[in-house]
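Top line first, the protein sequences correspond to chains A and B. Take the first sequence: its position 283, counted from the start at 1, is 283 in my numbering, and no numbers get skipped. Take the second sequence: its position 73, counted from the start at 1, is 1073 in my numbering, and no numbers get skipped.
Be aware that one or more of the hints could be misleading.
[Said to hold, decoys possible] Listed below are several chain A residues computed to face chain B (Cβ distance under 7 Å; list not exhaustive):
1) Met-106
2) Phe-111
3) Gly-181
4) Asp-184
[Stated by the list, open to error] Derived contacts from chain A toward chain B, CB cut-off under 8 Å, selection only:
5) Lys-104
6) Thr-108
7) Ile-129
Bear in mind the hints are in silico, worked out from the structure with no lab data behind them. The C-beta atom is built at its ideal place from N, Cα and C for all residues, glycine as well.
Next come the chains, spelled out residue by residue.
Protein chains: 2
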Amino acid sequence: MVDKKSLASSSNTCVALSGGVGGAKLALGLSKVLKSNQLDIIANTADDFEHIGLYICPDLDTVTYTLADLSNKELGWGQAGETWEFLNALERLGGESWFRLGDKDMATHVFRTQSLSSGLTLSETTAQITQRLGIAHKIIPMCDMPVATKVKVESGELMAFQHYFVRDRCEPKVTGFEFEGIKDASPSIGFSAALNNTNLGSIIICPSNPFVSVDPVLKLPGVMAAIQAATAPTIAVSPIVGGQAIKGPAAKMMKELGMPQTALAVAEHYQGRIDGFVIDEADAAMVADIEALGIKTLVTKTMMLSLQDRIDLAEACLAFAETF
Amino acid sequence: MVDKKSLASSSNTCVALSGGVGGAKLALGLSKVLKSNQLDIIANTADDFEHIGLYICPDLDTVTYTLADLSNKELGWGQAGETWEFLNALERLGGESWFRLGDKDMATHVFRTQSLSSGLTLSETTAQITQRLGIAHKIIPMCDMPVATKVKVESGELMAFQHYFVRDRCEPKVTGFEFEGIKDASPSIGFSAALNNTNLGSIIICPSNPFVSVDPVLKLPGVMAAIQAATAPTIAVSPIVGGQAIKGPAAKMMKELGMPQTALAVAEHYQGRIDGFVIDEADAAMVADIEALGIKTLVTKTMMLSLQDRIDLAEACLAFAETF
């Protein structure tokens, strides 16, 4: 076992790829273990969308609010102690209210929309927001160009992600995904720099939805090449535990796509793209099958209920990375 | 004395020109006396501005909130029972917070901005907002094109109106006004139709600031010609009572412009543009001087403290109009 205390004192850096809630939990754990210059948290931006004239970045905001200790732990999105005066008034005017925008949360969207229209990039805008919220660690959007996840559903329709996810509560049956604009997009400068850092010690794919949170990040032109060129191992944490998604539609999507809803199936999805896989003790029986894919596997406690759980999982992942 | 009961039963229509608070009070009074098809309330839009990416119409909103019984009577702007979660969060992000946008109020600005950018006019957008807020009477923006009041101040600077009015609390010394864009603007379709209505019985200039609330409305190309072509009398209510402005910087502006701060000076300002003038009992001594300007004068109670005061003044103005 690697000495955990050595992690923060080493000069190794870590790139963490994150979607929303589950990813943000591990990102928070990593931020408690690593110094601010040791961690680059890359957030998926393919579920960003324009709504009622505002530019909204759900995953970026979930990671930001989580690291600023502002996140609403009951809802799993938005800010704690949120109020809804704006949304109720908008509803009265006949405005769209299916996407729940709290009064505090609104400030982020209005600030960002104004900043982007003044010509700053999403990376620059995010840096300003995270700094003002007192976050020491870097939170970096995967890219500064619009990439939009579209969910192909049984009816043949190609749905905007938030329409599928929030408005229609993930009810339509999924048949596939497209990432509009991804061919013309490139990773943000900060993301590229993080992957090319000569001190890079680990790339950690947080327990986020493989299809809609992680794939858009990995499929950005140049990202897989940079990951494969790096000497650092790439380690994914399974978002499926005991056949269930901790949060969100990952398991439901796997079922609809004809995949078993197992950690093994997630490992197969990532095969060729990761070096290591972290699964929960509940799935220990799958180790041999996953290792047969050529993926080194760590079994540990992956359910993050407390802050200490987040820290423990972060330390376990970093220690695991040192074994490659 | 004209029978007050006959006012609402006559088919005569009334056009009320209004700025913010004072104007909205009389507009409310008129709406309690006249049926919805008898009253067109025209709001000044020259103090509209774009702020943090939102299109904000202060006078239009004050009139709207007043007629919807949503207005904040203590503040004199915004909505009653307003909360400030958005603005506090925006301040934390380093956003501009000098213009106080409440959480409920935000819905109006977001809704309007989105509606305008979808291609609807300000008139259409306003009709939608007032309808959703249950307002039976028509509230019509003076025009659908941008006109921007600029305040010339002692330093030589030409200030955006809200910067002068809100951000700098009317402190700079005024030397004059300009209405940017007014030469290329035309009255909204609703405003023109109201002035050209064959049943038009009165044009009432509410007790609003003559320089920044009323002049932009009257100086729109074609408005004075339509007013002069109408057989209906134009009656202004003095915003100056006993040498003081009831609300706002009117008296301060008059002083800085070298005018006496009197109802008589307001009448002189409107000379040639109005047929009748309504002054407060406190200024009764000025009747002869005002009538010497060729302006018929009514002395009545113009301070509107209660709803009944608003109704009484509305009835007095309408009855006065019938004497021409």
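We went through each hint and held it up to the structure:
1. Because the smallest distance between the Cβ of Met-106(A) and any Cβ of chain B comes to about 5 Å, under 7 Å, the interface hint for this residue holds.
2. Because the smallest distance between the Cβ of Phe-111(A) and any Cβ of chain B comes to about 5 Å, under 7 Å, the interface hint for this residue holds.
3. Interface restraint check: Gly-181(A) against chain B, minimum CB-CB distance 21 Å, threshold 7 Å, status violated.
4. Because the smallest distance between the Cβ of Asp-184(A) and any Cβ of chain B comes to about 25 Å, over 7 Å, the interface hint for this residue is violated.
5. Because the beta carbon of Lys-104(A) sits about 4 Å from the nearest beta carbon in chain B, less than 8 Å, this interface hint is met.
6. Among the interface hints, the one on Thr-108(A) holds; its C-beta lies about 7 Å from the nearest C-beta in chain B, closer than the 8 Å criterion.
7. For Ile-129(A), the interface hint holds, the least distance from its beta-carbon to any beta-carbon of chain B being 6 Å, beneath 8 Å.
The structure does not agree with the numbered hints 3 and 4 stated previously, though it agrees with the rest.
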